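2 protein chains.
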Amino acid sequence: MTVSDLTEAELIERVRSRLRPAPAWMVVGIGDDAAVVEPERNRLEVLSVDALVEGVHFDRAFTPPAAIGHRALAVNLSDLAAMGATPRLALLSLALPDALEVEDFDAFIGGLAALAERAGVSVAGGNLTKSPGPLMIDVTVAGTVKRRGPLLRSGARPGDDFYVTGTIGGAAAGLQILRMKRSTTEDAEDTEDQNGCIDRYLYPEPRLRVGTLLGRNRVATACIDLSDGLADGVRQIAGASGVGAAIDACALPLDPEARRWFTSRRADPVFEALTGGDDYELLFTVRPRARKQLHAACRSAGVPMTRIGACTVDRAIVLRVGDADAAWPRGYSHFR
Amino acid sequence: MTVSDLTEAELIERVRSRLRPAPAWMVVGIGDDAAVVEPERNRLEVLSVDALVEGVHFDRAFTPPAAIGHRALAVNLSDLAAMGATPRLALLSLALPDALEVEDFDAFIGGLAALAERAGVSVAGGNLTKSPGPLMIDVTVAGTVKRRGPLLRSGARPGDDFYVTGTIGGAAAGLQILRMKRSTTEDAEDTEDQNGCIDRYLYPEPRLRVGTLLGRNRVATACIDLSDGLADGVRQIAGASGVGAAIDACALPLDPEARRWFTSRRADPVFEALTGGDDYELLFTVRPRARKQLHAACRSAGVPMTRIGACTVDRAIVLRVGDADAAWPRGYSHFR
Numbered sequence: 000m001t002v003s004d005l006t007e008a009e010l011i012e013r014v015r016s017r018l019r020p021a022p023a024w025m026v027v028g029i030g031d032d033a034a035v036v037e038p039e040r041n042r043l044e045v046l047s048v049d050a051l052v053e054g055v056h057f058d059r060a061f062t063p064p065a066a067i068g069h070r071a072l073a074v075n076l077s078d079l080a081a082m083g084a085t086p087r088l089a090l091l092s093l094a095l096p097d098a099l100e101v102e103d104f105d106a107f108i109g110g111l112a113a114l115a116e117r118a119g120v121s122v123a124g125g126n127l128t129k130s131p132g133p134l135m136i137d138v139t140v141a142g143t144v145k146r147r148g149p150l151l152r153s154g155a156r157p158g159d160d161f162y163v164t165g166t167i168g169g170a171a172a173g174l175q176i177l178r179m180k181r182s183t184t185e186d187a188e189d190t191e192d193q194n195g196c197i198d199r200y201l202y203p204e205p206r207l208r209v210g211t212l213l214g215r216n217r218v219a220t221a222c223i224d225l226s227d228g229l230a231d232g233v234r235q236i237a238g239a240s241g242v243g244a245a246i247d248a249c250a251l252p253l254d255p256e257a258r259r260w261f262t263s264r265r266a267d268p269v270f271e272a273l274t275g276g277d278d279y280e281l282l283f284t285v286r287p288r289a290r291k292q293l294h295a296a297c298r299s300a301g302v303p304m305t306r307i308g309a310c311t312v313d314r315a316i317v318l319r320v321g322d323a324d325a326a327w328p329r330g331y332s333h334f335r
Numbered sequence: 000m001t002v003s004d005l006t007e008a009e010l011i012e013r014v015r016s017r018l019r020p021a022p023a024w025m026v027v028g029i030g031d032d033a034a035v036v037e038p039e040r041n042r043l044e045v046l047s048v049d050a051l052v053e054g055v056h057f058d059r060a061f062t063p064p065a066a067i068g069h070r071a072l073a074v075n076l077s078d079l080a081a082m083g084a085t086p087r088l089a090l091l092s093l094a095l096p097d098a099l100e101v102e103d104f105d106a107f108i109g110g111l112a113a114l115a116e117r118a119g120v121s122v123a124g125g126n127l128t129k130s131p132g133p134l135m136i137d138v139t140v141a142g143t144v145k146r147r148g149p150l151l152r153s154g155a156r157p158g159d160d161f162y163v164t165g166t167i168g169g170a171a172a173g174l175q176i177l178r179m180k181r182s183t184t185e186d187a188e189d190t191e192d193q194n195g196c197i198d199r200y201l202y203p204e205p206r207l208r209v210g211t212l213l214g215r216n217r218v219a220t221a222c223i224d225l226s227d228g229l230a231d232g233v234r235q236i237a238g239a240s241g242v243g244a245a246i247d248a249c250a251l252p253l254d255p256e257a258r259r260w261f262t263s264r265r266a267d268p269v270f271e272a273l274t275g276g277d278d279y280e281l282l283f284t285v286r287p288r289a290r291k292q293l294h295a296a297c298r299s300a301g302v303p304m305t306r307i308g309a310c311t312v313d314r315a316i317v318l319r320v321g322d323a324d325a326a327w328p329r330g331y332s333h334f335r
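If you read the protein sequences in the order shown, they are chains W and U.
Numbers 0 to 335, taken from numbering that gives the first Met the number 0, label the letters of the first sequence in order.
Numbers 0 to 335, taken from numbering that gives the first Met the number 0, label the letters of the second sequence in order.
Hints were generated in silico from the structure; no laboratory data involved.
Repeated chains share a single entry, so a pair holds when one copy, or any two copies, can fit it.
Computed cross-link-like contacts, DMTMM-like style, restricted to lysine to aspartate or glutamate with a CA-CA straight-line distance of at most 20 angstroms:
| # | residue 1 | residue 2 |
| --- | --- | --- |
| 1 | K145 | E37 |
| 2 | K129 | D105 |
| 3 | K180 | D198 |
| 4 | K291 | D160 |
| 5 | K145 | E39 |
Here the structure is a predicted model, which means the values were calculated and not measured.
If we strip away everything but chain W, and leave its shape as in the complex, we get (with noise of 0.2 angstroms):
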C-alpha cells in the first residue's frame, strides 16, 4: 500500500495518532486552518526552517524512515540550541511521491514523534500535499529563550576562545560508510567498528541541554552549529563577529572511529573532520574569564567541550599545524 491508496485525512490520522497530547498551551493544534498556542510569558520567541530534500540531504537507498523522520527535526533542533532556545512546537510540511509505501510513511512519522517526544516538542500542524519528484520535509520550530538569552553569530571578540562540543567527523564518515555499503555491496563486516559513525550520522542528537547551558549567564558569546561543519561554522561566526580566528589542528576532538575510517582511505581526517558537515554539534566562543562558569555548563551538560583555538584581531582564519599555518578550507556547502 502506498500513500496514493489514502485520502489526506487518512494520513493526517496517522500522524496524529503517533504524536504525544497536545499540551494545555496549545489552543488549537492538528485540525482548523491553523494553530493558535499561548505564548510563553517574559520570552523571545525563537523560529526556524529547515528542510530535507531527497537527493540533495539523504538518499533514501541507504537511509531508512526513521532516521530521514528523526534527522527532519533533529536539524532544527539544532539550529535553536545553537541560539540557546527551548523548543516547543514544530509544524511539519511533507510533500509525498505516489509511490511511497504507507509502511516508510509510517516509520518516517515515528523516527520524528519518538524525537518529539523527547525534546517536548508538540506537532502543532502542518501541511501534506503529493511530490512529482522527490520526497521532501519542511519543518518549523518555535521555541522560546531568555529576554537576554539568545546566542548570536556576532558576538565573538578577540581573546575569545572557540570550543566545540562532543566530537567532528564522525557523521561525515558515516555518510561515506554508508555510501561504500551500497555502491560495493561490502560485506558489513569490513565497517563494523564504525558503527557509532553511521548512527552519529542518521541519528543526530541535536545538543539542546548544552545550549541553554550556554545561554544561561551568557556563558558563550557567539554560537553557531555544525550543520555545515566546523570549516564553516569558524567562517560564519568570524564573519559575523568582525574577528579572526586561529585553530589548532591538534586539539580539534575528532572522533576516533572516523579518525581510523579516513586514515583507511588514504583520506586526511583533519581536512575530512573540517569540511565534513551533518555534525549537529555546537560552535561557540567564550570569554577566557568566563571559562569557570564554561566548566560548570559542562559537567551539568555532561557533555565534552574542546577549546580549538582562539578570535584574532587579524581577520584572518588560520589553521595551525604545529608551528606552520595552513590554509582554512572552504566550507560544507548544500547548495552550491
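With the hints as your guide, set chain U onto chain W.
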C-alpha cells in the same frame, strides 16, 4: 544566468534586498541560526504552513514567477484570515531547480515581497536548498489574535446562517482559461473578457481585514478559507461542528465572468464553482441575531458577503435547487 551560478549567500542577499526593513520587535532577523522575535502582549499566536509544489499547485508554463511568489504567501495569509488573525511574520523555505533563471527567482521574490509589504508581514528567515526535481515553496506564517478571538471550524450550531465573501468560481475559470490558452495557442481575444478570472487565479487576495472583523466581537461562529473550494469548505465546517447544511444553489455568488466561461464550455457553472479550488474567499457561519453586526462588519470591510444557506440539525449536506435537493458534490483535493 541561473540560480546554480550563485552561492546561497548571494541568493539570500537578493531576497533580503527586496524586503521591508525589520521592525523593532524582530530582535534577530535573516542571517543567524534562527529568528528571534518579541511576542505581542495579551494575544494568542497563530501559526500555519503551506506548500506550493510545481506540477501539483502551479504550472510554470503559464504562471508568471511573480504570481507564484504572490500565491505562496497569499495561501498562507488566507489561513490566518480564516482564524481571524493578524499576520506578523513569515519564514520562507525554497527548493530551487538548478535551471531556474535568476531573473525568475527575483520576480518570484518580488511578487512575494509586494504582498508581504501590503499585508504588513516581515520575512524573519528561511532556508534555501537546491531541488533535483520541481520548484517547491514552503511558507510558514505567524500572526496573532485576541485571546477570545480565534475563529474555529467547529463553532457552528443548527440555525446559524452560512455566508461567503466576494464571489466564487473565478479562480477555477481562470485556471481553465490559462490551461486552454497554453494548449491551443488560441488567441487571447476570445478570452479577453475573462481576464478578471485569470487575475483571480494568479493573484488571490487573502481576506485579512474581513477575518479580523469577523473575529472581533465573535460575529462569526465558525470560519474556513476556500482554498479547496466551497464544497469542501461546507463539509469541513459541518463535520467539525457536528451540524448539517442546506445550501441554496441560486444564492451562490458566482463570478459573472466565470459563469459565462463555464456556460460557453457547456459545463455546469454551479458545480464548477462549488468544486473549484483556489478562490481564497472566506466561508463562515453567523447566528441570525448577529446579522446586524455582520452588516456593519461588511460595510467596514468593503467586501460583499452573501448568505448562501443555513446549518441544520440533520447532519446531511444538501444543495437546494428550486424545490428539489441535489447531491452535494465532493470537494477538490490537492492530495488525492
